[in-house]
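Asker: Residue-level listing of the chains:
Protein chains: 4
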Amino acid sequence: MVRDVSGREYLDFVAGAGSLNYGHNDPDMRDALISHLEQRGMSHSLDLSSSSKSAFLRAFESLVLLPRDLDYRVQFTGPTGANAVEAALKLARKVTGRTNVVAFTNGFHGVSLGALAATGNRHHRGGPQIPLPGVTRMPYDGYQGAGVDTADLLARMLQDPSSGLDAPAAILLETVQGEGGLNVASAGWLRRIAELARSSGALLVVDDIQAGCGRTGSFFSFEPYGIVPDLVVLSKSISGYGLPMALLLIRPEFDVWQPGEHNGTFRGNVHAFVTAQVALTKFWSDPTFTDEVARRADLLAVRLAEVADVVPDAVVKGRGMMRGVDVGSEELASAISRRCFGNGLMLETAGSHDQVVKVMAPLTTSDELLNRGMDILLAAAQSVGTGQSVGARRSVGPARDVLGASGLVPA
Amino acid sequence: MVRDVSGREYLDFVAGAGSLNYGHNDPDMRDALISHLEQRGMSHSLDLSSSSKSAFLRAFESLVLLPRDLDYRVQFTGPTGANAVEAALKLARKVTGRTNVVAFTNGFHGVSLGALAATGNRHHRGGPQIPLPGVTRMPYDGYQGAGVDTADLLARMLQDPSSGLDAPAAILLETVQGEGGLNVASAGWLRRIAELARSSGALLVVDDIQAGCGRTGSFFSFEPYGIVPDLVVLSKSISGYGLPMALLLIRPEFDVWQPGEHNGTFRGNVHAFVTAQVALTKFWSDPTFTDEVARRADLLAVRLAEVADVVPDAVVKGRGMMRGVDVGSEELASAISRRCFGNGLMLETAGSHDQVVKVMAPLTTSDELLNRGMDILLAAAQSVGTGQSVGARRSVGPARDVLGASGLVPA
Amino acid sequence: MVRDVSGREYLDFVAGAGSLNYGHNDPDMRDALISHLEQRGMSHSLDLSSSSKSAFLRAFESLVLLPRDLDYRVQFTGPTGANAVEAALKLARKVTGRTNVVAFTNGFHGVSLGALAATGNRHHRGGPQIPLPGVTRMPYDGYQGAGVDTADLLARMLQDPSSGLDAPAAILLETVQGEGGLNVASAGWLRRIAELARSSGALLVVDDIQAGCGRTGSFFSFEPYGIVPDLVVLSKSISGYGLPMALLLIRPEFDVWQPGEHNGTFRGNVHAFVTAQVALTKFWSDPTFTDEVARRADLLAVRLAEVADVVPDAVVKGRGMMRGVDVGSEELASAISRRCFGNGLMLETAGSHDQVVKVMAPLTTSDELLNRGMDILLAAAQSVGTGQSVGARRSVGPARDVLGASGLVPA
Amino acid sequence: MVRDVSGREYLDFVAGAGSLNYGHNDPDMRDALISHLEQRGMSHSLDLSSSSKSAFLRAFESLVLLPRDLDYRVQFTGPTGANAVEAALKLARKVTGRTNVVAFTNGFHGVSLGALAATGNRHHRGGPQIPLPGVTRMPYDGYQGAGVDTADLLARMLQDPSSGLDAPAAILLETVQGEGGLNVASAGWLRRIAELARSSGALLVVDDIQAGCGRTGSFFSFEPYGIVPDLVVLSKSISGYGLPMALLLIRPEFDVWQPGEHNGTFRGNVHAFVTAQVALTKFWSDPTFTDEVARRADLLAVRLAEVADVVPDAVVKGRGMMRGVDVGSEELASAISRRCFGNGLMLETAGSHDQVVKVMAPLTTSDELLNRGMDILLAAAQSVGTGQSVGARRSVGPARDVLGASGLVPA
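Protein chains in written order, with full-length UniProt numbering: chain A, 1 to 411; chain B, 1 to 411; chain C, 1 to 411; chain D, 1 to 411.
Calculated from the structure, these hints are not laboratory results. Please read all numbers here as calculations on a predicted model, not as lab measurements. Errors might be hidden in some of the hints.
[Unchecked claim] No farther apart than 25 Å at their CA atoms in a straight line, the calculated lysine to aspartate or glutamate pairs in the DMTMM-like style are these:
{"#": "1", "chain 1": "A", "residue 1": "K94", "chain 2": "D", "residue 2": "D160"}
{"#": "2", "chain 1": "A", "residue 1": "K282", "chain 2": "A", "residue 2": "D298"}
{"#": "3", "chain 1": "C", "residue 1": "K94", "chain 2": "B", "residue 2": "D160"}
{"#": "4", "chain 1": "B", "residue 1": "K94", "chain 2": "C", "residue 2": "D166"}
{"#": "5", "chain 1": "B", "residue 1": "K282", "chain 2": "B", "residue 2": "D313"}
{"#": "6", "chain 1": "D", "residue 1": "K94", "chain 2": "A", "residue 2": "D160"}
So that you can see chain A by itself, here it is in the shape it has in the complex (with noise of 0.2 Å):
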């Protein structure tokens, strides 16, 4: 929950667009890190090794990848989701020799020049107004409608060596594409692109920056799939705290980085360093935080699917925590969000068109909680999608630009 200026409360089921999985201001991290300030201990430290980066470090190890049988070498890129798509692109191109990266509709991957040219929004690619190049653009799954596999496609331009299909360094997907509109490629869909990747010589890249971190429910978003990528992406909640903080897992035979070839100021955010420590300690450790999140994916299902049942057409899609409602329309999810935000419930959109409404609560969210915020949605959706009150008004953007004003703190 956040408190703005004049004192009023609302529920935050933004969490920093994924940053904040684990809430605002979770004690322990807090704690972890007053205490770090108290002890003067270090704020940047560039990639010179520090004890926390190495707590941090050995906290990753065993409690993500050596249970999930992950076997990854780490690197701290500059602190932000778009630098470690970056480093992933790069790296992917120096292993190949090849320039060619394949991204997919919809897929959102950051805004530098390198990550642009992978993310689909027209608003954001016209900024440069330079093209974008090195980038294949596929269909994501389901693209092209329930009797099409996309992935066929992608198959057969690999195959054919007329298609105008340069061979990729990588394939790059989302498992759900967050800012694309919570669209979800299907466990068969996933597997057979991981199999094209491989038989193609490319590298395959999760951009787990919003789905990780249990967001979809496991740690990483592909982990009920089967698929083990070569390069992972993670950034967001990663630092647990809301912190800058990205990291590239990539597997060991294909860090062919030189010294300092992808270098940067803030890979050493340190005060990140404790707080993901703190994150991965305090949730990680065993199965009871995954569990519950599960428990309250199936609860947040639940609700959503009555928010869908009284807007015509509505769809709920998502999965795990990552969910939301496509109500067809920019113009009816606006209304949808800005009704609650007046009833204490901040919510962004996400699609194309803005089309869906996202609930990303905190996966710590208790479920009186979570229930409030989806009675108050429940309660928009019907007085909107009943038409009381959308009016002739017509919104710019997301929800959040709306809320610039309003100094908002977390209560």
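Got chain A sorted already, so can you dock chains B, C and D onto it with the hints?
Answerer: What follows is chains B, C and D alone, placed relative to chain A:
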């Protein structure tokens, strides 16, 4: 000063590659941050306003912009310098409808794809294995030797319709090239480039990531020259405490962004706002700090001249507290920096061939510590410069890579 | 018919890859060219007007454009199809202010850098070792199998602002893909693509280099479909006599060229104007030729069906006099074409895997010679298709490479 | 001499922009072509060998390569200079595995996308509205004034790993820049560039499209300097008769093409082979022609000096029979060329600002006609240079655009 795991102390004259201009763990910033944490202040606020952000913006306006009669809008980009450079280039291209950007030999602007196109360093440029479009490289001031004004070449190519120089969206430069080897542009050259930008319809973009925030003496490195850039990039020391933060300053007439066009998850790093506001208030409210830095910079210049005296053909380079000695070869520079490290002084090397020993002491370093550090450097230069100990070893990369395993903490 | 140095004769069903639609050495064109030479007519006229050029333009206007109710300006580009494609893409980008071009799987548009970006063939794309920017590849009609209308995908990506498809300057296509394997676009698909171009503000560019000049039955390949491209590229048979010549047809409202913007030394190949004018006058003044080609195309279709019948799973492809048989593998296609060559018939192969035996007989081929050629092909297919003689050999490249040493002259 | 439709005669000192070095309608070439036509020789042969092609290749080997001790493979590219430049850049990138190409200010190499990237002219560069990747622009010899050796800058940037100059695949240059304004590279500069290419692992590519085929006195423009390019591009006058033809000469060790990798429909323009073989045999079998051209070039130089004398600040530029006068402004150059045209002399202008009056008389021009033309030019310069008749008019584009409507035929 920092201390390694064995308790050994080091003078840190790297200062987070310029991110720690006020040293490690300034107590006022630390207290403010602890207080923010204890009051359960937000850590992550996307692009929402917050009281911490507002306080920073007020301080920046009143303490930095107004006294210098500057009128800029402040954009919070993703919290890395590279990201702010990406935003600057995007914006300049959007404003002008042109794609080309003029950047200079030995310039360093980051390693994400758009920024990397402007960066000169071949080691970094090789990473993405893909041509880096949209940048024309021109020789920096002094690059063609004393007799040649390189601005003449730019002037000629701009006015020559057959030169092959496409009309530029931006001219991007550092007034002192930090990574490039502490090359200092002259006042005349800078004014001429500013005039060429104006007359050719290009935006003048100053990358003040390393040279800004007081490093050269004034808050902005360009203040002494009477030029007013159209866009200014700040990062590194802007948070004051080494936390990830970056700003793009935009002359109001060029703020043509649409909402959310250049977005990013960590634009609202509230902790950095908290410490940045303290840093501005503490150091930039009156001329005391500036005067002190000026005096200390003179001391540094004197001491570096002593160092240069003991190394054949060595030259002092840089400006303000951003200085060093070009000792002529990477081998020698590396030998000196290693010897310094052995004697408790951390230093970086810079330049085309890592041939410049670079002193980036915190601006707050006491004369006593500065002298102590310079004594160590002088002794190292004496022993190494006279060939006593260089040996046959060949170093790889800058000195900081050597330190990787030492587990440093601030002393 | 052509004859090799030993005097041996061959039926030439390659026809200069479509440059000799009227056969070798049409006597009227030859006489006109000899007469031009004897009268000391110019050979090279840059972009100056000349009486030969004017005569051609008058013929083109009165015999080609006016009867079809088409209104185009005629640009003489450099005398190769690739150059005219370069001009078309440049112009479309200039008209729209956009950079992206939609091109299709298996499309072939030439190998200069701008045209190559639109060409699908990986063998050719690999040449420049540089990404080929500014083109988005989409599946051609039928590429995803019978059940999928690939225009749906383009439609969806055009209207979806997150699809990653940047607004296109042009949609570039062949109505029959010659090098790509004689793939024929359906009328419905072409009309839909034309409508998508219109609604998305892109110019529709038809590359009629190979399919134009009567090859598919009508002068332009797109005539039967009621679509009017914004730009049309002609080359190959436009000179009638196999001389280098290329045209770009431009709807008047899109002729935004500045003087000399797309120039070239050999735009004024006067010899080609001379023969081209004869070709238009001789063959396109009345419907006789068109009717004859239509009749002959039916004969060809019947004969090719016989060939397909004797090769398991073979399929007849193409349209008009631009047809062939997909025999399923390069090995088989190559074996058939070699056997034909041994028996006095020259043929090319085409398609993604060179698996299509392609018949490009001159449109003027007599029924007797056409039947003679088809008899040879049928016999070759019978012997090879039944495995009598394929052997273990593996061919490299199309059949014409085999002929390299034979020193052919027209018989 | 050419004649317009009204029968008026003109001296043609444009010579097809260098395509008519042997004048219009050389009778021996014409007779050979008529004979070829009468014997029903092929016109179009793709990449098949033919007796005409073989005869040309034998002549080229024995009359051009062997006497100069040069060892090149001959590639027939598409029949335009731009296409051969495209092939050269592709091949250099393929050989080196690098993408960058160094090209020079005021260079002109054609307008297809790959060649255009290397061309300096802004008017042409603006066409495609797309960045032109893969080329770094460097100042040509003399571009920075008399005191600066621009090869120093290239040398420095090549050896400086932070210069931003990516290791080049090729260094591409004209020894005399035709369109760029008759700028002549010095022997020392050319040798130094050749050495820099060698030492940096780049291929030296000489674009001899305009300066080759005897235009500067020797067959290749680089002969006097003792440099041996790795690749040489020939076009324009190589056919001798103004017919489209282009060659790429490749040092054997760099012929890494796969079959058909750089293809094109009109590589086998047999008519051009026929006339080209006659041209070589007639003019290059013994030194007579070369001696004659040398003598005539001296005459031209003397006469141009007279022209320069009557225009304030005018300078004679160029080399051999590729010379002109820089009269300082487009206005003046245009006025002079128009006055010449009024008096029966066709001339082009060239240079960054079209400020150079360019004399490209056929190499076979008699002294009498050369003097007659120069008399006209001198008179024009006298009247215009002294301001008698310039007026306020502003010309657009080179002189030849003015002539567009006159319907010229060779006299």
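Asker: Hint by hint, say whether it matches the structure.
Answerer: For each hint, the structure was consulted:
1. A/K94 <-> D/D160: Given pair A/K94, D/D160 holds - Cα atoms ~23 Å apart, limit 25 Å.
2. A/K282 <-> A/D298: Holds. A/K282 to A/D298 sits at ~23 Å (cutoff 25 Å).
3. C/K94 <-> B/D160: Holds, at about 23 Å.
4. B/K94 <-> C/D166: Measuring from Cα to Cα gives roughly 16 Å; hence the hint holds.
5. B/K282 <-> B/D313: Roughly 41 Å between the alpha carbons, so the hint for B/K282 and B/D313 is violated.
6. D/K94 <-> A/D160: Holds. D/K94 to A/D160 sits at ~23 Å (cutoff 25 Å).
In this structure, the one hint that does not hold is number 5.
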